[in-house]
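A.B. asks: Here's the letter readout for the chains.
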Amino acid sequence: MERVNLSRELLHAPEVSRELKEHYGIDITRCYQCGKCSAGCPVSFAMDYMPRQIIRLLQLGMKEQALRSKTIWLCAFCDTCSTRCPREVDIHGVMEILRLEAKARGYITHKHNNIFHGIFLQLVKRLGRVHEGGLIVLFNFLSLQPFKDVLYGLPLFLKGKLHILPELVRDRGEVKKIFKRARSEGGVSK
Amino acid sequence: MKLAYYPGCSLSSTGIEFGMSAPVLAKALGLELWEIPEWNCCGSSSAHVTDHNLALALPARNLAIAEEAGLDVVVPCAACYARLKAAEAAVRSSRRTKEEIEKIIDRKYEAKITVRSLLDIIYTEIGPAKIREKVLRPLEGLRVAAYYGCLLVRPPKVAQFEDPENPVSMDRLLSAAGAEPVDWGYKTECCGGGHPTISPEFGLKILKPIYEEARYAGADCFVTACPMCFTNLDMRQKEVGKQHGTVYNLPVFYITELLGLALGFEARELGINRHLVNALPLLKHKGLLHPVKGGRE
Chain A
0 MERVNLSREL LHAPEVSREL KEHYGIDITR CYQCGKCSAG CPVSFAMDYM
50 PRQIIRLLQL GMKEQALRSK TIWLCAFCDT CSTRCPREVD IHGVMEILRL
100 EAKARGYITH KHNNIFHGIF LQLVKRLGRV HEGGLIVLFN FLSLQPFKDV
150 LYGLPLFLKG KLHILPELVR DRGEVKKIFK RARSEGGVSK
Chain B
0 MKLAYYPGCS LSSTGIEFGM SAPVLAKALG LELWEIPEWN CCGSSSAHVT
50 DHNLALALPA RNLAIAEEAG LDVVVPCAAC YARLKAAEAA VRSSRRTKEE
100 IEKIIDRKYE AKITVRSLLD IIYTEIGPAK IREKVLRPLE GLRVAAYYGC
150 LLVRPPKVAQ FEDPENPVSM DRLLSAAGAE PVDWGYKTEC CGGGHPTISP
200 EFGLKILKPI YEEARYAGAD CFVTACPMCF TNLDMRQKEV GKQHGTVYNL
250 PVFYITELLG LALGFEAREL GINRHLVNAL PLLKHKGLLH PVKGGRE
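Chains as they are written, first to last, in numbering that gives the first Met the number 0: chain A, 0 to 189; chain B, 0 to 296.
Keep in mind that the hints are not guaranteed to be accurate.
Output of the computed footprint for chain A on chain B, the stretches with three or more beta carbons under 8 Å from beta carbons of chain A [unchecked claim]: (1) 7–13; (2) 27–41; (3) 50–60; (4) 95–108; (5) 187–198; (6) 201–212.
No lab work stands behind these hints, which were simulated from the structure alone.
Quick reminder that beta carbons are idealized off the backbone N, C-alpha and C, glycines included.
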């Protein structure tokens with residue numbers, strides 16, 4: 000394994016550090032790897048890199064590796080990491096930025112996650128609101144697990160918690176236009 | 000106090016109990032709710048992890064409509080609250096963002112109004128003392144684990160009304176209603192959000208310690224103010240219990256259901272009969288289902 004001189008790397012601040020600081024005001028060079036973010040992370044047990052390791056990869060300029068990690072798709076965006084960071088590094092923000100870039104580049108390390116959020120937004124675009132019943136049915140089919148959670152269907156329906164027909168916003172054109180304009184504004188910019 | 004009301008999509012489906020109990024309680028507490036006409040989905044986590052502009056513009060459209068009416072916005076759902084609040088903060092902090100967002104939604108929005116969670120309004124504007132005065136059916140003997148989750152308390156710069164590590168608003172309101180909040184360590188642990196649905200193979204593992212801790216602390220039930228937390232806790236209990244060879248039987252309540260019950264409303268009109276973990280036997284056992292003298296309209 001190649002030896003890396005950390006202080007030299009940090010001094011010369013790889014491009015990704017500069018980018019994060021200039022565009023988003025997040026200074027990852029402040030992170031001294033205490034690990035508090037990772038200790039509190041509710042999903043860390045399923046990640047390939049701990050949140051602090053993602054920050055370390057970036058400190059070393061190894062952005063590609065971070066972009067291809069599972070971690071950025073598993074982050075629950077609960078903000079425990081950023082809230083507890085003693086150095087005020089917005090780790091949650093970093094995850095979000097990496098996730099958007101990974102998606103834009105087609106690095107999708109968690110397909111189901113990508114499918115779910117894609118369907119969700121399609122429903123919002125078309126209906127103005129989310130139809131939860133439709134969301135689950137479509138998700139199960141498109142993720143090729145048609146019977147997932149099927150036992151919950153009837154009880155939820157009987158309790159009035161799943162509706163067959165969606166609730167619509169009357170003027171859906173307005174929401175559709177928001178989707179169109181948001182995308183044309185660049186989409187991933189902050 | 001008149002407020003613009005943003006219910007959010009869940010409150011008519013998986014979060015129906017919240018959708019029923021929030022307006023009932025609000026009215027009893029003297030809050031006048033004006034539902035934002037033609038409101039749209041806030042985009043939830045899906046917009047947030049997909050497209051930054053969309054994540055701000057979808058909530059901003061709702062806020063723009065409320066701003067036209069000159070009303071602050073109250074949001075029961077913790078997840079919607081977080082998204083609406085983030086849009087408010089973004090527009091307030093940067094002129095450029097404001098202009099971009101206004102262009103996208105094709106409406107004027109200057110973030111002159113404030114977004115608040117329903118819990119914040121009940122705790123800060125009404126307060127435990129007022130609740131205590133109005134209690135007709137004290138929740139005596141009910142040991143509750145107040146579960147705040149992430150989005151009501153974090154990020155602290157956005158959700159400012161509570162402590163991000165040790166929030167107390169629900170505990171104090173429930174005490175005022177006669178219940179006994181337990182001291183436990185998982186108040187603000189994340190429930191996994193979409194993970195239990197999207198990736199049950201690890202999503203369910205996030206839930207287990209939450210059930211375990213609440214039971215260990217001696218709680219009879221959970222209380223939340225978030226439809227996502229509620230659904231995860233309520234729907235997955237049996238499944239997680241089965242995986243670990245145990246039975247969890249802790250009903251989950253919305254804070255508005257329990258406060259409504261304490262104020263004398265009937266379980267049915269608050270939606271308490273619709274939970275997956277049946278909550279009625281517990282309430283019956285604690286003597287909390289009897290009609291109240293004088294009654295409520």
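A.B. asks: Work down the list of hints and note, for each, if the structure agrees.
C.D. replies: Going through the hints against the structure:
Figure legend: the segment 7–13 of chain B, annotated as covered by chain A; annotation consistent (5 residues with Cβ-Cβ distances under 8 Å, at least 3 required). Counting residues of the segment 27–41 of chain B whose beta-carbon sits less than 8 Å from any beta-carbon of chain A gives 4, enough to reach three: the coverage restraint holds. Proximity of the segment 50–60 of chain B to chain A, defined as three or more residues with a beta carbon under 8 Å from a beta carbon of that chain, is established by the 7 residues found. Residue count for the segment 95–108 of chain B with a Cβ under 8 Å from a Cβ of chain A: 5. That meets the three needed, and the coverage hint holds.
Only when three residues or more bring their CB closer than 8 Å to a CB of chain A does the claim for the segment 187–198 of chain B stand; here the count is 10, and the claim holds. Look at the segment 201–212 of chain B against chain A: 3 of its residues bring a Cβ nearer than 8 Å to a Cβ of that chain, three or more, so the hint holds.
Checked against the numbered hints given earlier, this structure breaks none of them.
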